[in-house]
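Participant: The number in the working numbering is simply the position in the sequence shown, starting from 1, with 6 added.
Everything labelled a hint here was simulated from the structure, so no lab data went into it.
It is possible that some hints are incorrect.
[What the hints assert, rightly or not] Straight-line Cα separation of at most 25 Å, DMTMM-like style, residue types lysine to aspartate or glutamate; simulated pairs:
id: 1; residue 1: K219; residue 2: E257
id: 2; residue 1: K111; residue 2: E164
id: 3; residue 1: K179; residue 2: D141
id: 4; residue 1: K120; residue 2: D106
id: 5; residue 1: K179; residue 2: E143
id: 6; residue 1: K111; residue 2: E257
[Unchecked claim] Computed Cβ-Cβ distance ranges for the label pairs, DEER-style:
id: 7; residue 1: V84; residue 2: L153; range: 22 to 28 Å
id: 8; residue 1: P158; residue 2: L133; range: 49 to 55 Å
id: 9; residue 1: H243; residue 2: A92; range: 44 to 50 Å
id: 10; residue 1: G220; residue 2: E185; range: 43 to 49 Å
id: 11; residue 1: D226; residue 2: R176; range: 48 to 54 Å
id: 12; residue 1: V170; residue 2: R261; range: 36 to 42 Å
id: 13; residue 1: A92; residue 2: G256; range: 54 to 60 Å
id: 14; residue 1: V182; residue 2: D86; range: 45 to 51 Å
id: 15; residue 1: I122; residue 2: S174; range: 21 to 27 Å
The beta-carbon is built from N, C-alpha and C at its ideal position, and this holds for glycine as well.
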Amino acid sequence: MADNGHPSERGHLREWLKAIGLALGILLLLHVFVLRWVTVRHTSMYASLLPGDLVGVERWRVWTGFERGDIVVFRDPVQDDRSLSARQLLVKRLVGLPGDTVQLKAGALFVNGKEIAPAQGESHRHLVRLRGTADPEALRQQLQLPLAFFPPGRSTLELPLSKVQADSLRERKDIVSVEPMSPSTGAPGHMFPYSPNFRWNNDRFGPLTVPAKGDTLRIDVANFPLYDRLISRYEDHSPTHDGSRIVLDGEPLERYVVEQDYVFVLGDARDHSADSRYWGFVPMDHLVGRAGFVLLGQDEDGGLRSGRWFVGLGRQGD
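Let the hints inform the model, and build the full structure from the sequences given.
Facilitator: Shown next, in the form of structure tokens:
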């Protein structure tokens, strides 16, 4: 006698497989076009973002566009020995859109000649002197900083602090003083564009215009370091430098038409961030989305941080 249950069971199995396939397809579409999750690993965006924050990334911004002041997630532009999708994700603040002119003067940010107010969470390096009664671990927990900033036995600490944090610490009786550290002079050879013609540093940088698609760049030997990586790495051409001129495809390169848009990014922790000051422009096709909110935050021990649930992330100046 035939087992009439088998066809029915196979039918149920097919329905389950269809449902699972549909669910996976929806999740994939959401991941690609709507929202994805990224965990913050470093302190370069402190105190706007903390290490351990789980951030919701708005994917649709890739198609609808970004605004100046957005916190953006993008592929590491320096890891060009890997495919784009295999590179690590970075989180920084977009301060320069295509066509903008960006400049840092004594650490203050100027865009198109206008000074930009610091983001609420923007931090700078401070020297904090503790009294003998101070509890460094309690201070670390308050600031939600990694252990690396608190070497054992030290009564003097170098900490990234926002203005609000610095003012708050100055009110504490277990702290002797909180002083901003002098601006970093930087080593010109270690800042973009790695040329003696541009002796820039962390706090004195530019002015530099961010290339936009269709821009015609004037190219000469002196300014070529600004655009070498753009032309050779991001737009896949092979210019050569023979000492007196730049050559592309056998012809002198004096003008170059930019093939895509670029942006300029900075970390909110200005003294603890590798960003466009070090590797220049970020191609628009490297951007993954806008960091919209913090779902939750975890500390170094894996515990959940209080006060880091569903935290909105505004633009600079909001």
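Participant: Go ahead and decide if the range 44 to 50 Å is satisfied by the Cβ distance of H243 to A92.
Facilitator: For H243 and A92 the Cβ distance comes to about 23 Å; the hint is violated.
Participant: When you check the alpha-carbon spacing of K219 and E257, does it fall within 25 Å?
Facilitator: Between K219 and E257 the Cα gap is close to 22 Å, so the pair holds against 25 Å.
Participant: Is the hinted range of 49 to 55 Å satisfied by the C-beta distance from P158 to L133?
Facilitator: Taking Cβ atoms as reference, P158 and L133 lie about 18 Å apart, which means the hint is violated.
Participant: Tell me if the straight-line CA distance from K179 to E143 falls inside 25 Å.
Facilitator: holds (16 Å)
Participant: Holds or violated: are the alpha carbons of K179 and D141 at most 25 Å from each other?
Facilitator: holds (12 Å)
Participant: Quick check on a hinted range of 22 to 28 Å for V84 and L153, using CB atoms only.
Facilitator: holds (27 Å)
Participant: If I claimed the Cβ atoms of V182 and D86 lie 45 to 51 Å apart, would that claim hold in this structure?
Facilitator: holds (47 Å)
Participant: Can the restraint linking K111 and E257 be considered satisfied, given a maximum Cα separation of 25 Å?
Facilitator: Given that 25 Å is the threshold and the Cα spacing comes to 38 Å, the pair is violated.
Participant: Regarding G220 and E185, is the given constraint of 43 to 49 Å on their beta-carbon distance met?
Facilitator: holds (48 Å)
Participant: Holds or violated: K120 with D106, Cα cutoff 25 Å?
Facilitator: It holds: about 11 Å lies between the C-alpha atoms, which stays within 25 Å.
Participant: That 21 to 27 Å hint for I122 and S174 (C-beta), does it hold up?
Facilitator: For S174 against I122, whose Cβ atoms are near 24 Å apart, the range 21 to 27 Å holds.
Participant: Hey, K111 versus E164, does the alpha-carbon distance stay inside 25 Å?
Facilitator: Status holds; Cα separation ~23 Å.
Checked against the numbered hints above, the structure breaks hints 6, 8, 9, 12 and 13 and satisfies the rest.
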